[in-house]
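Engineer: Take these sequences, add in the hints, and give me the full structure.
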Amino acid sequence: MTVAENRKSRKKTLEKLEKFLAPFEVMPFDDAVASVYARVRGEAETLGRVIGPNDLLIAATVIFHHRFPRKPSTASLECI
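With the sequence shown counted from 1, adding 8 to any position gets you this note's numbering.
By construction, these hints were calculated from the structure, which means they are not laboratory data.
Heads up, the beta-carbon is just placed ideally off N, CA and C, and yes, glycines get one too.
Hints may contain errors.
Claimed, not checked - Derived Cβ-Cβ restraints for the label pairs, each shown as a range:
#1 Glu26 x Val58: 28 to 38 Å
#2 Leu29 x His74: 16 to 26 Å
#3 Leu55 x Ser17: 14 to 24 Å
#4 Arg18 x Asp38: 24 to 34 Å
#5 Asp39 x Gly60: 15 to 25 Å
#6 Leu29 x Arg49: 18 to 28 Å
#7 Glu23 x Ala46: 31 to 41 Å
Structural biologist: What follows is the structure in structure tokens.
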């Protein structure tokens, strides 16, 4: 929210952001999730798979919180 807070129309921008995020569950990324990130990244590197850093963040968060999507939305997530 830093970008939103720095804008001239801060209140309006924050309201739009909150409205956009309302239907989504925002899951925390903490040390426990970072540990899963490291494990998944290590396994991917061992297998020679290239997974983008943002996809790794999403995958680690989903794995830790046991919130698997019904259908992976990208090819990168399918291989995890």
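Engineer: Indicate, hint by hint, whether the structure satisfies it.
Structural biologist: Hint by hint, here is what the structure shows:
Distance hint check: the CB atoms of Glu26 and Val58 are about 35 Å apart, consistent with the given range 28 to 38 Å. About 21 Å separates the C-beta atoms of Leu29 and His74, a value consistent with the hinted range of 16 to 26 Å. At roughly 47 Å, the beta-carbon separation of Leu55 and Ser17 lies outside the given 14 to 24 Å, and the hint is violated. In this structure, Arg18 and Asp38 meet the distance hint of 24 to 34 Å, their C-beta atoms being roughly 27 Å apart.
Take Asp39 and Gly60: their Cβ atoms lie about 22 Å apart, and the range 15 to 25 Å holds. A C-beta distance of roughly 27 Å is found between Leu29 and Arg49, which places it inside the suggested range of 18 to 28 Å. Between Glu23 and Ala46 the beta carbon distance is about 37 Å. The supplied range of 31 to 41 Å therefore holds.
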